[in-house]
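A.B. asks: Take these sequences, add in the hints, and give me the full structure.
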Amino acid sequence: MTTFDAIAAIAATAAIDARGLCRRYGRRWALVDVTFRVAPGTSVMLAGRNGSGKSTLLRVLAAAIRPDRGSATVLGHDLGREREEVRRSIALLSHASYLHEALTAMENLRIAARFLERKTGRDALLPLLAEVELDARADDAVSTFSAGMRKRLALARTLLQEGSVVLLDEPYGELDPPGFRLVDRLFGTFKARGATVLMATHLLDRGAALCDEGLVLEGGRLRWHGPARELPEQGGLDPATLPEGAR
Amino acid sequence: MAVSDRLNPGAGYALMVVGALLLAVGSYIGLFVAPSESYMGDVYRILYVHVPTAWNALLAFTFAFGSAVAFLIRGDFKWDARHEAGAEMGVVLAGLLCCQGSIWAKPTWGVWWDWDPRLTTTAVMFFAFVGILALRRFVEDPVKRATWSAVATIIAYVDVPIVYFSVRWWNSLHQMQSSPETVSAPFLIPLRTNAFGILFLMAGLITLRTRLARMRLAQEMAPPLPEVAS
Amino acid sequence: MNPTGVLGGGWEFVTAAYVLSLVVLGSYALSVVWRFRAEIRRAERQRRNPEVSK
Amino acid sequence: MKQLAAALYKEWLLQSRALAQLLAVLVFGATALLLFSFAVGPNYELLRAIAPGFLWLALLLSSTLTLAESFQAEMEHRALEGQILLPANPAALYYAKALANWAQLTLLGIALVPLMVALYDAQLPRPLALAGIIALGTAGLSAPGTLYAAMTHQARSRQTLLPLLLFPLVVPVLIAAVKATSLLMLGDPMSQIGSWALLLITFDAIHWSLCGLLFGRVVED
Chain A
439 MTTFDAIAAI
449 AATAAIDARG
459 LCRRYGRRWA
469 LVDVTFRVAP
479 GTSVMLAGRN
489 GSGKSTLLRV
499 LAAAIRPDRG
509 SATVLGHDLG
519 REREEVRRSI
529 ALLSHASYLH
539 EALTAMENLR
549 IAARFLERKT
559 GRDALLPLLA
569 EVELDARADD
579 AVSTFSAGMR
589 KRLALARTLL
599 QEGSVVLLDE
609 PYGELDPPGF
619 RLVDRLFGTF
629 KARGATVLMA
639 THLLDRGAAL
649 CDEGLVLEGG
659 RLRWHGPARE
669 LPEQGGLDPA
679 TLPEGAR
Chain B
2 MAVSDRLNPG
12 AGYALMVVGA
22 LLLAVGSYIG
32 LFVAPSESYM
42 GDVYRILYVH
52 VPTAWNALLA
62 FTFAFGSAVA
72 FLIRGDFKWD
82 ARHEAGAEMG
92 VVLAGLLCCQ
102 GSIWAKPTWG
112 VWWDWDPRLT
122 TTAVMFFAFV
132 GILALRRFVE
142 DPVKRATWSA
152 VATIIAYVDV
162 PIVYFSVRWW
172 NSLHQMQSSP
182 ETVSAPFLIP
192 LRTNAFGILF
202 LMAGLITLRT
212 RLARMRLAQE
222 MAPPLPEVAS
Chain C
3 MNPTGVLGGG
13 WEFVTAAYVL
23 SLVVLGSYAL
33 SVVWRFRAEI
43 RRAERQRRNP
53 EVSK
Chain D
613 MKQLAAALYK
623 EWLLQSRALA
633 QLLAVLVFGA
643 TALLLFSFAV
653 GPNYELLRAI
663 APGFLWLALL
673 LSSTLTLAES
683 FQAEMEHRAL
693 EGQILLPANP
703 AALYYAKALA
713 NWAQLTLLGI
723 ALVPLMVALY
733 DAQLPRPLAL
743 AGIIALGTAG
753 LSAPGTLYAA
763 MTHQARSRQT
773 LLPLLLFPLV
783 VPVLIAAVKA
793 TSLLMLGDPM
803 SQIGSWALLL
813 ITFDAIHWSL
823 CGLLFGRVVE
833 D
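Chains as they are written, first to last, in the numbering used here: chain A, 439 to 685; chain B, 2 to 231; chain C, 3 to 56; chain D, 613 to 833.
Calculated directly from the structure, the hints in this document are not laboratory data. No incorrect hints appear here.
Covered stretches of chain B (chain D as the covering partner; in silico rule of three or more C-beta atoms under 8 Å from a C-beta of chain D):
no., region
1, 122-132
2, 135-148
3, 152-161
4, 165-173
Positions of the beta carbon are idealized from the N, C-alpha and C atoms, including for glycine.
C.D. replies: The following block contains the structure:
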């Protein structure tokens, strides 16, 4: 750890500290002035209607896409200048599966493991596939996988990265009921590792049970930030109009 | 993003007017005052506009290259605007140069294109930068457009010396330099006047074109409006 | 190429080159000025009634 | 370094699954060679003289197919973004992909030679040197080609944009490669082959280093 990292780590009171993040796609602003702080080790639920900017926020925080305005730090590393360090400490489960269709599940994991300079033996990777119940299909090409199985493989890939900040973009999507229980179990694993977890989901009650805090996005703006338990009612997602408090 | 630039539009127009005047004077001297050359007769007068265009075309591409490098290093979008202006001006001048070159080659060598290394290199640069302008047109995201075209400009510009040498070796068997190298004193006056003429005209055009690019960028990257009444 | 070695005439090529240069430089200058003016008009219109960005 | 090894491993896996695509491009190159000969007609004197030019034109045209498709596997499910987020070193990703494209183009070039010999009745006094020139030439194509493939794959109408950007840039490669090939096939009295090879090497050196440096900026979103 260079001295610079040491200083950054000490200064890092927050795992994620976003200040006025904005991002546009062509004419439309997908993210507008998002500001919030998350202490290390807490788990946060991100809720909002479709197109409210959830995925954009996660991709900006994961240093996949640059913010057009505003700034943020992840574990003390600045999103603008230290994108490499940010990527090293973050694991993102994105809508996109990040997989190679033509290759098998084991090969996809092995490629990721080699880039992460981890053990790439079959004995090291098979347990990971077993964790997501894909060990039987380890040597089948991903092109033969269903959407749910791809999501499971993507989850295994996220698990492999051992990120100290884990961003999950609608992990429950495309999964079957056993898949839901799998996500809950993995959620527990991430928390057990002391990682900060930010999960975007539409399953409000399930998220509220797992997470400490909750954020609500609407039209790219942060509408509500509070304890996760109160999100389903206070977050203003179900009732047609926004309750007075949240405006 | 403030739309100010060092030179306000007035300066742009002024530069263009000065350039146009110099060009008119230089061309007048070149066409009517300067004596006809012993061997070439009057055809050589094309050089009075051909050689200055060549110098300024290279200058425009160099300006675009400098702006591209500055943009990649500093990330300030005024360099991207200058890059776009320089590239567009360079393409216009290079295209003009190629046409002049073939008009010059017909009476002198009897063919429409004499594969002169300098001229052929300009033609290659013309197509390279037309490709870059097309790239800018096909990419919507302003930041990607700026970064990618800057990268393309740097690669295209670095390639120019290699293109020049490969064409010269490839062409060395046919004939020596086509335009006379040593131009004696009285011929220099119109040549220099036209050179400065095109230089000023180019500077004015680039200033205006940069302003135009900056205004478009400011509009494209305008900050979001505050609270929107949904 | 005529046999006398000295290229007499050739004025049509010279005029062609100069006219071409005038046309190309002139039309590019006009296009830049026109586009520049159009952009100023557009910016002016937008400043008067800023349409609400979606 | 390890990142390059990982990226090369990925390329090896991807290439081993995409042999059909390589074959298709070879057929395209062969068809191009055939079509060129129709443009000239059965005059062997002329065909023998133009053979090097046709070989390299066919190689250049088929290279755009290989290059345009080279990022298909990466862009399909944003796999490239996934790797960059691991983080994988972008330069390693570039050099692995460029080496893979170079290998494909060299194979393609060497595979086209027998057909050229047959169609244009060309002699091959120094086949090994020809393979060397093909390798140097295709290296010059794949360095900028890979960078532009990554760029244009995300832009609209990538089929036209890639050649539009690449062809003016590789003029020196085409000139030097065709000259060197014809010197090899039609005799080299003044032994100029060295200078043309040197030009190719200079081009390769410049572009393999410069494009590697700039690739990071191209994939940065």
